[in-house]
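Peer 1: Here the protein sequences line up with chains B and Z, keeping their order. Taking this note's numbering, the leading residue of the first sequence gets 1, the next gets one more, and so forth. Taking this note's numbering, the leading residue of the second sequence gets 252, the next gets one more, and so forth.
Hints are not guaranteed to be accurate.
Each pair of labels, with its calculated beta carbon distance range [claimed, not checked]:
#1 Phe283/Z / Gly14/B: 32 to 42 Å
#2 Arg616/Z / Ala217/B: 32 to 42 Å
#3 Arg616/Z / Met1/B: 26 to 36 Å
#4 Arg616/Z / Ala129/B: 30 to 40 Å
#5 Gly465/Z / Ala217/B: 25 to 35 Å
#6 Pro435/Z / Glu238/B: 28 to 38 Å
#7 Val163/B / Ala561/Z: 57 to 67 Å
In case anyone wonders, no lab produced these hints; they're calculated from the structure. All C-beta atoms in this analysis are idealised placements derived from N, C-alpha and C, irrespective of residue type, glycine included.
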Amino acid sequence: MLKIEALSFRYAGGDEPVLREVSLAIPSGGIFGLLGPNGAGKTTLISILCGQLRAQSGRISVDGMALEELRRREPAALGLVPQELAFYPMLTCAENLRFFGGVQGLAGARLRERVGAVAAFARIENVLARRAGQLSGGLRRRLNLAIGLLTEPRILLLDEPTVGVDPQSRAFLLESIRALAAAGRTIVYTSHYMEEVEALCDHVAIIDAGRVLREGALAELLRDEAAVVTVRQGRSLEQLFMHLTNRSLRD
Amino acid sequence: MRTLSALWIKEWLALARDLHGLAVLFVMPAVFIVIMSLALSDVFSEGGRGVDFAVLAADGGKLAEALAAGIAGEGFRAAPAPASEAEARDSVRKGHPGLVLIVPAGFGADPGAKLKVLADPALPAMQLLAFQGRVLGATLGGDAALSRSMTVEVVGNPRGGRPSSVQQNVPAWLIFGMFLVVMPLSALFIVERREGTLARLASQRVPFSLVLAGKVGPFFVINLVQAALMLAAGCTLVPWLGGEALALPARWDLLAAVTASTSVAAIGWGLLVAVGVRTMEQATVIGGVGNIIAAAVGGIMVPRFVMPEAMQPWTEISPMAWALDGFHAVMLRQGSLKEIAQPCAQLLALGAALLALAVWLHRRRRGAP
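Okay, chain B solo, but in the shape it has when bound (with noise of 0.2 Å):
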């Protein structure tokens, strides 16, 4: 399990904390989706667990250990797929991979093997030797996957994967992420769809202006929510999200 704990953060030069002794717990091997609105709190959360920025208190653990401490002992314990296309455009495909794949300490056979296997796994073969800046909008998103999945991580930190996006390349994406979770992978998943989020998680934890508000397995949540939200028809993680948050517009 990944566990946070009472994590509260401060921009320097900031005047109020972006993140409040924020508490979660994300259940290993499963899709655990992080909403909120926009300035939430959500990619400062997602850059504090990739090790970008370093909360001023609070503690963040997987199985007991500490994070800081599992990422010395096994560096590609986690990994990022940024919202941003977080790649170099003027390399190709394959440099891009071969480089990401580099400084992480793949070389050789290995190397060789991974960038073949995720390739394929974002089925991105055929534009290999392609510049990425060349590369359409759902090419690009599915090289920023595949370059997240270099590492084989146990944790995956997905911030907005399918942003720009036509609907054949993110089911493609859901697909691909459904995979990545069925074979034991921890996924934390940002994402302002919240269709997406109530196909895909499991688990989801909702919060604004640095707090959580709610957080738990998603069907008891809709399930207990369902009392005090004054629902017009069905019950969707959509409404439980605009009763949580208000309607009041954000940025």
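Put chain Z on the given structure of chain B with help from the hints.
Peer 2: For chain Z alone, coordinates are given in the frame of chain B:
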């Protein structure tokens, strides 16, 4: 008309909110005017800018003192006389003083006794000619026919004579060119941060210091290639276009040391700008304008010795001035390791300090305790 008016209003609003663009348009020229006006103020004032000189007379200190008093003025300042010709040669090689007049024994009585001027190779021709005129005036009563009694030796120049324009300019513009790495370095870094590749590398536990080190190697090679190309241009392109060829120094190892040290400082500056700024506009203003100001202050655009005395200590704050000292020591003065040690040490220390500052700044931004 309404459309044009709407476009004008939009343009004014956009301009008013582009603080960095406005800084380039208004602040940069103002800063540049102040620096260049101050730097050249003595050149355009009565008396001109001074060069230190000394007189070494074999017939005794009194003659030397009398000659020094006669020569001083119109921009030439008398400095203490060196003890010997060897010491004079050594001092001039270092540029302090810029000129030494050597008066042989029996000068005036013996027709074979000729005056000798030892000149700093970094001194421009106009200053040297003006000095010769002052010497003739002071010693020979302005008798031009006696000008044959004077020889001029430019100390340290590989060609023996006065250094050409290319000999003086190539080092200066080579340094300016090397510091331009700040632009591609920061641009690439900003794209990496914006596109999330730096975040991805951080998630892959690639230490930030290693990310920076990964940039040092390629840009160091680029700086070396720049240096080789600019020297090659001085040796081949300039003479092909009718100019004098650049004379390369005898000590390639010293030239390589100065180039490498300059590159370390330039890359350190580039990395600090890259980490410190958030946008391309900021990089352009801080990196580009910073380079131009450092060049103006550091004697790249205007030789330091023409700057007013009060301004000269300030030139020492520019790393381009340190680099210029190093290149002049190697390329103009044929100096030794001892002469380049200080500028190289300054440049290397600056490069290391800027790199450390960049790492510290990054750590502070990510909220490290």
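Peer 1: All the hints need checking, so say for each whether the structure fits it.
Peer 2: Going through the hints against the structure:
1. Phe283/Z / Gly14/B: 32 to 42 Å: With a Cβ separation near 36 Å, Phe283/Z and Gly14/B satisfy 32 to 42 Å, so the hint holds.
2. Arg616/Z / Ala217/B: 32 to 42 Å: Distance hint for Arg616/Z, Ala217/B holds at roughly 37 Å.
3. Arg616/Z / Met1/B: 26 to 36 Å: holds, 31 Å
4. Arg616/Z / Ala129/B: 30 to 40 Å: Holds - the Cβ-Cβ distance for Arg616/Z and Ala129/B, about 37 Å, lies within 30 to 40 Å.
5. Gly465/Z / Ala217/B: 25 to 35 Å: Since Gly465/Z and Ala217/B have Cβ atoms about 44 Å apart, the given range 25 to 35 Å is violated.
6. Pro435/Z / Glu238/B: 28 to 38 Å: violated, 46 Å
7. Val163/B / Ala561/Z: 57 to 67 Å: Holds, since Val163/B and Ala561/Z (Cβ atoms, about 59 Å apart) stay within the stated range.
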